[in-house]
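These protein sequences, in sequence, are chains A and B. Each residue of the first sequence is one higher than the one before, starting from 0 at the first, in numbering that gives the first Met the number 0. Each residue of the second sequence is one higher than the one before, starting from 0 at the first, in numbering that gives the first Met the number 0.
Treat the hints as calculated values from the structure; they're not laboratory data. Every residue, glycine too, gets a C-beta built ideally from N, C-alpha and C. The reader is advised that the hints may include incorrect statements.
Okay, derived cross-link-like pairs now, EDC-like style, lysine to aspartate or glutamate, Cα gap no bigger than 16 Å in a straight line [what the hints assert, rightly or not]:
1) B:K113 - A:D23
2) B:K125 - A:D32
3) B:K50 - A:D34
So the derived label-pair ranges between C-beta atoms look like this [unchecked claim]:
4) B:S95 - A:N7: 37 to 47 Å
5) A:G42 - B:S73: 54 to 64 Å
6) A:E114 - B:S73: 12 to 22 Å
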Amino acid sequence: MAPVARTNAFMYVDGYDATGDSNDLMLAASATDLDKTNFRSLGWEECFRGAKKVDFHFAGWWSASSTPQIDDESFNQLGLVDKVFTVGDVETEGQPAYMFKAAKHSYQAFGKYNETAPFVLDSTGSEGVAGLVRGALIKAKGSVSATGALGTAQQLGAVSATQYVYATLHIFPTAGTTITVLVESDDNSGFTTPTTRATLGPLTATGGTWATRVAGAITDDYWRFKVSAITGTFSVAGAIGIQ
Amino acid sequence: MAVKALLSMYLSVNSSDISDHVRACTLAADAAQLSSEAMGDSWEEVTGGLKAGTLTFEVLDDFAVSSIDSILWSAFSTGTNVAFEVRADSAAVSTSNPKYTGSVHPSNWQLGGKLNEMAGKQLTWKVSGAITRATA
């Protein structure tokens with residue numbers, strides 16, 4: 000894949016797809032530079048890694064109505080921790096997706112006369128173990144109403160003994176009755192002998208779900224979502240990562 | 000003296016040549032200015048203290064396997080300092096094309112920007128230890 004123009008980035012924020020409200024995003028991870036300079040540093044400063052943090056900023060066009068919109072989604076969740084985010088620069092299954100849990104800590108709405116009403120929302124990571132996980136978009140936002148494979152399986156690789164498997168699943172309005180989604184792995188793209196690694200659900204409402212992480216070692220290198228039970232129609236999206 | 004247009008800079012991070020995605024690159028080195036004036040001086044004096052460096056670069060993002068996003072994410076998430084090399088031109092190292100090498104702490108990573116821009120990253124990493132200049 001070559002360098003890309005940013006025209007279809009995506010951001011799934013808990014139970015809300017903020018992609019259609021946004022025209023600006025910045026996901027930043029940073030680590031503290033800790034000083035270790037000493038008299039044997041040959042005259043140069045030396046540093047090493049401290050704690051990491053995740054910051055997510057996005058902005059766009061403000062809206063509010065009787066159905067969930069960016070205003071109520073942002074304002075009502077202000078200060079709440081561990082909301083599930085899945086974000087990426089290309090909303091195509093198989094492309095990188097970044098997963099994290101964060102707290103929305105700053106919301107700004109409105110601006111100048113005769114401009115489209117804007118909003119700005121800033122969030123900071125609220126989960127200190129996994130932090131930010133780089134995975135792949137397995138299911139781009141779309142509808143599902145039947146059991147079976149969900150999205151596009153990806154060859155993410157095996158999981159070493161020191162790694163974990165992570166998965167996020169977002170359910171957007173309006174949720175059906177109930178859905179259960181499995182995270183499966185196999186050693187072949189046809190999933191002839193799948194193994195269930197995690198179960199998400201039964202889920203009955205809109206929201207974001209962060210699967211309990213699964214420890215390696217796992218030799219299977221193909222990964223997918225599979226709907227194992229469903230009643231009604233759901234609008235969903237999700238990602239899987241190994242880190 | 001031959002001035003040079005920066006059309007073919009070379010940047011390697013963690014042994015990966017990312018030059019073909021680089022849009023800008025700056026290597027800065029500073030020495031602490033320690034105040035050393037004393038009685039009898041009518042002018043301020045400085046003495047050089049510890050030196051420090053920063054590597055700042057802007058790259059076009061690329062989400063192909065083993066490309067820019069993967070390389071820089073890997074450097075950031077691994078957490079250890081990584082080697083870098085910068086030179087004004089991708090041609091061979093020479094007296095007119097010196098190379099600067101050292102280790103950097105990959106202390107930040109980013110993704111995003113505005114609609115209808117090229118996807119890219121602008122990162123600044125602190126050098127840990129000496130920057131070495133070589134002409135061969």
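Practice item. Verify the proposed pairing of K125 of chain B with D32 of chain A, using a straight-line Cα cut of 16 Å. Key: 8 Å, holds
Review point. Are E114 of chain A and S73 of chain B spaced within 12 to 22 Å by their CB atoms?
Key: Check failed, 41 Å falls outside 12 to 22 Å.
Check your understanding: Is the gap between the beta carbons of S95 of chain B and N7 of chain A within 37 to 47 Å?
Key -> 44 Å, holds
Review point. Going straight from one Cα to the other, do K50 of chain B and D34 of chain A come out at no more than 16 Å?
Key: Answer holds: K50 of chain B to D34 of chain A is near 13 Å, not above 16 Å.
**Study point:** Beta-carbon spacing of G42 of chain A to S73 of chain B - inside the hinted bounds 54 to 64 Å or not
**Key:** Because 31 Å falls outside the window, the suggested range is violated.
Exercise for review: Below or equal to 16 Å on CA atoms is what counts here, so check K113 of chain B against D23 of chain A.
Suggested key: 4 Å, holds
The structure fails to meet hints 5, 6 from the earlier list, while all remaining hints are met.
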